[in-house]
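K.L.:
In case you want the letters, here they are:
There are 4 protein chains.
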Amino acid sequence: MRKIIAICGDSKIEKDGDKYKFAFSVGKALVDNGYRLQSGGLGGVMEAAFAGAKSSEKYKEGDTVAIIPSFDRTMHNEYADIVISTGLDMMRNAIVANADAVIAIGGGSGTLSEIAFAWPMMRLIMACNCVDGWSSKVADTRMDQRIRYPEIPEDKVFGVSNADEVIEILDKYADKYNKFHKGIVIDL
Amino acid sequence: MRKIIAICGDSKIEKDGDKYKFAFSVGKALVDNGYRLQSGGLGGVMEAAFAGAKSSEKYKEGDTVAIIPSFDRTMHNEYADIVISTGLDMMRNAIVANADAVIAIGGGSGTLSEIAFAWPMMRLIMACNCVDGWSSKVADTRMDQRIRYPEIPEDKVFGVSNADEVIEILDKYADKYNKFHKGIVIDL
Amino acid sequence: MRKIIAICGDSKIEKDGDKYKFAFSVGKALVDNGYRLQSGGLGGVMEAAFAGAKSSEKYKEGDTVAIIPSFDRTMHNEYADIVISTGLDMMRNAIVANADAVIAIGGGSGTLSEIAFAWPMMRLIMACNCVDGWSSKVADTRMDQRIRYPEIPEDKVFGVSNADEVIEILDKYADKYNKFHKGIVIDL
Amino acid sequence: MRKIIAICGDSKIEKDGDKYKFAFSVGKALVDNGYRLQSGGLGGVMEAAFAGAKSSEKYKEGDTVAIIPSFDRTMHNEYADIVISTGLDMMRNAIVANADAVIAIGGGSGTLSEIAFAWPMMRLIMACNCVDGWSSKVADTRMDQRIRYPEIPEDKVFGVSNADEVIEILDKYADKYNKFHKGIVIDL
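Chains as they are written, first to last, in this note's numbering: chain B, 1 to 188; chain Z, 189 to 376; chain D, 377 to 564; chain V, 565 to 752.
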């Protein structure tokens with residue numbers, strides 16, 4: 001099964017600004033390398049990444065999955081192929097974040113919640129370190145003191161500054177970050 | 189954008205029994221006619237429909253979307269192409285049910301909850317009337333007294349007894365059942 | 377710890393009609409007998425039961441818990457003491473239904489979803505059999521074929537026609553309906 | 565209606581350490597001043613605050629509300645009076661955070677998710693600035709650049725170092741932080 005990579009970040013960004021370019025290039029690179037994308041399905045970084053995905057020569061219809069906050073299936077950006085209309089408002093961030101890997105690009109508190117969920121969900125997390133917002137603040141840090149993968153001592157939110165680095169991290173780690181005991185995050 | 193049709197029903201069924209055959213044929217017919225499928229991603233009817241989808245000559249990778257109860261992305265049937273790991277346990281039924289149309293095949297209380305959600309979500313609902321379980325009990329009835337679509341006085345849970353009837357109902361109604369005020373079910 | 381009983385039913389009912397009277401008397405009887413109430417926190421049956429609770433001589437502030445669909449903490453009926461603002465829209469029905477026992481009074485598809493959730497959640501369920509709506513349709517039936525409590529062969533949705541019967545059922549069964557393996561409904 | 569204040573923080577702490585003492589004293593002070601408490605209902609800071617609440621002379625049964633991750637109603641600390649069993653696992657953090665005000669005490673990524681949700685939910689947020697963990701990292705900062713309350717230019721995550729400061733902030737701000745347009749966080 002093809003892996004799905006989540007893209008998180010600001011829902012409003014400058015067209016053709018740094019965040020747009022970064023998200024677009026990452027979206028394209030992901031599809032170039034056989035991955036599918038999921039995001040919150042709205043504007044900004046989410047839209048830029050999906051637009052990039054569609055610019056790939058390897059793009060196939062179905063490669064962009066929008067996990068939207070509304071029950072209204074029409075509330076998504078124009079590059080979404082598949083819409084999952086959750087009705088969960090902000091809580092859908094947890095579902096977005098629970099992908100095979102997560103890439104944060106800038107972002108306010110919504111993006112931060114996605115990183116904060118992805119960490120205890122044991123997910124591989126990358127964060128763009130060259131734009132403003134939460135992604136650069138948490139790049140190359142650990143979100144808390146838990147040892148997630150004893151066999152991966154370098155585990156952290158991996159800072160990335162371009163699409164090539166994203167693919168390198170995925171090549172190196174995507175298969176290793178797959179531990180999920182019992183399907184429950186909070187172990188009682 | 190291709191429409192996504194939800195398949196709901198028993199998670200444990202007899203292989204090659206009536207429910208299996210019905211779900212398989214509906215899954216195949218849906219892909220034959222250009223639809224994508226979503227389900228709860230587990231066994232029984234959910235698996236049979238996905239298997240049918242994959243047997244279609246028009247099947248393309250990405251046509252089966254599993255919206256699973258666990259956060260564990262490996263807990264799905266073998267025919268799922270795309271996994272949305274919700275962590276919502278039974279509450280994920282609401283997301284499954286919020287598709288462009290819903291088809292119930294047999295089913296216990298889980299399936300009933302999906303029908304009960306799809307109705308106020310204003311969705312087009314079909315229910316197999318020739319197998320045991322909740323689908324035949326609610327086929328050709330209204331789930332409550334609300335007038336969902338004044339312009340569709342025949343609105344109800346449409347009973348269906350074979351895949352051709354499913355496609356007929358979709359051809360006739362799929363574009364009409366798209367009203368969703370404000371993205372909220374419970375209007376305060 | 378005092379048990380919490382969920383009241384489900386129509387959100388719009390006639391003031392002083394049968395459903396209002398039934399819900400009011402049940403709400404009063406529950407507090408008279410030491411129980412706390414929870415509901416979806418809106419109008420109709422939910423409001424009537426809370427009003428009844430407050431009419432009990434044993435009522436103490438805190439006895440009525442409103443589990444509301446909105447994130448907006450002001451969207452509740454006037455008899456609510458404690459507001460849990462879920463933001464889950466209709467999905468909050470699953471949380472309402474997951475009480476120590478559930479009593480359905482009339483109801484459309486929303487109430488039906490609560491019964492449909494309470495059943496696999498292993499909850500003690502009562503349904504008013506003397507008003508119209510889903511409660512009388514499912515009274516004295518099983519929601520599906522699963523054997524929930526082998527040691528309680530008479531397990532079903534218990535039909536009730538007055539507040540005394542509600543208290544009798546609670547006296548007899550409330551302590552027995554407490555089995556919940558692993559905190560998960562859908563056992564994978 | 566009495567306001568409900570959410571307490572967030574580490575689920576495992578040293579008994580009688582700084583976090584325990586802080587949470588206990590805040591819990592007590594909140595009940596002393598007429599507030600009710602809610603938390604995730606588990607151990608550590610959540611338990612310490614509830615224990616403090618119960619030590620208040622003004623404590624009444626019903627003052628501690630546990631919003632737990634499981635559907636299993638028994639999975640809560642011993643000081644909980646009211647249990648809301650959500651089945652939402654970590655996503656219940658959003659409901660915990662949507663209180664009349666939120667107080668973070670230390671905390672790992674789970675606590676961070678609660679702060680990250682409380683911010684766009686427009687809630688009054690306090691964070692203990694004298695213990696390790698996320699609360700001191702975000703104390704006296706804004707979670708992102710949005711102007712939440714133009715009429716409160718000093719809006720931020722208010723750093724607090726003792727229970728008196730918590731009560732001062734509540735006295736000053738609790739009534740002002742009550743803006744919640746349309747009950748939706750993500751405005752589409």
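It is possible that some hints are incorrect.
Taking lysine-lysine pairs in the DSBU-like style, the calculated list, with each CA pair at most 35 angstroms apart, reads [stated by the list, open to error]:
{"hint": "1", "chain 1": "D", "residue 1": "LYS434", "chain 2": "D", "residue 2": "LYS391"}
{"hint": "2", "chain 1": "D", "residue 1": "LYS532", "chain 2": "D", "residue 2": "LYS430"}
{"hint": "3", "chain 1": "Z", "residue 1": "LYS200", "chain 2": "Z", "residue 2": "LYS246"}
{"hint": "4", "chain 1": "Z", "residue 1": "LYS367", "chain 2": "B", "residue 2": "LYS3"}
{"hint": "5", "chain 1": "B", "residue 1": "LYS156", "chain 2": "B", "residue 2": "LYS179"}
{"hint": "6", "chain 1": "Z", "residue 1": "LYS242", "chain 2": "B", "residue 2": "LYS172"}
{"hint": "7", "chain 1": "V", "residue 1": "LYS618", "chain 2": "D", "residue 2": "LYS379"}
{"hint": "8", "chain 1": "V", "residue 1": "LYS567", "chain 2": "B", "residue 2": "LYS21"}
{"hint": "9", "chain 1": "D", "residue 1": "LYS430", "chain 2": "V", "residue 2": "LYS720"}
{"hint": "10", "chain 1": "B", "residue 1": "LYS58", "chain 2": "B", "residue 2": "LYS21"}
{"hint": "11", "chain 1": "V", "residue 1": "LYS701", "chain 2": "B", "residue 2": "LYS172"}
{"hint": "12", "chain 1": "V", "residue 1": "LYS567", "chain 2": "D", "residue 2": "LYS391"}
{"hint": "13", "chain 1": "B", "residue 1": "LYS179", "chain 2": "Z", "residue 2": "LYS200"}
{"hint": "14", "chain 1": "Z", "residue 1": "LYS364", "chain 2": "D", "residue 2": "LYS513"}
{"hint": "15", "chain 1": "B", "residue 1": "LYS58", "chain 2": "B", "residue 2": "LYS12"}
No lab work stands behind these hints: they were computed from the structure.
K.L.:
State for each hint whether it applies.
P.N.:
Against the structure, the hints come out as follows:
Restraint check for D:LYS434 and D:LYS391: the C-alpha separation of about 24 angstroms stays at or below 35 angstroms, so the hint holds. As the CA atoms of D:LYS532 and D:LYS430 are separated by approximately 30 angstroms, the hinted pair is consistent with the 35 angstroms bound. Using a Cα cut-off of 35 angstroms, the hinted pair Z:LYS200 and Z:LYS246 holds, with the two alpha carbons roughly 27 angstroms apart. A hinted pair counts as satisfied when its Cα atoms are at most 35 angstroms apart, and Z:LYS367 with B:LYS3 qualifies at roughly 33 angstroms.
Under the criterion of a C-alpha separation no larger than 35 angstroms, the hint pairing B:LYS156 with B:LYS179 is consistent with the structure, at around 15 angstroms. Restraint check: the Cα-Cα separation between Z:LYS242 and B:LYS172 comes to about 32 angstroms, which is no more than 35 angstroms; the hinted pair holds. With a CA separation close to 19 angstroms, the supplied pair V:LYS618 and D:LYS379 stays within the 35 angstroms bound. Taken as a hint, the V:LYS567 and B:LYS21 pair is broken in the structure, with Cα atoms around 46 angstroms apart against an allowance of 35 angstroms.
Between D:LYS430 and V:LYS720, the direct Cα distance comes to roughly 39 angstroms. Violation of the 35 angstroms bound is thereby established for this hinted pair. Distance check on the hinted pair: B:LYS58 and B:LYS21 sit about 19 angstroms apart at the alpha-carbon level, within 35 angstroms; holds. Among the hinted pairs, V:LYS701 with B:LYS172 is consistent with the structure: their alpha-carbon atoms are about 31 angstroms apart, no more than 35 angstroms. Proximity of V:LYS567 to D:LYS391 is assessed by CA-CA distance (about 30 angstroms); at most 35 angstroms being required, the pair is judged to hold.
Taking the CA atoms of B:LYS179 and Z:LYS200, the gap is about 27 angstroms. The hint holds against a cut of 35 angstroms. Of the pairs offered as hints, the one joining Z:LYS364 and D:LYS513 holds, with about 30 angstroms between alpha carbons and a cut-off of 35 angstroms not exceeded. Distance check on the hinted pair: B:LYS58 and B:LYS12 sit about 27 angstroms apart at the alpha-carbon level, within 35 angstroms; holds.
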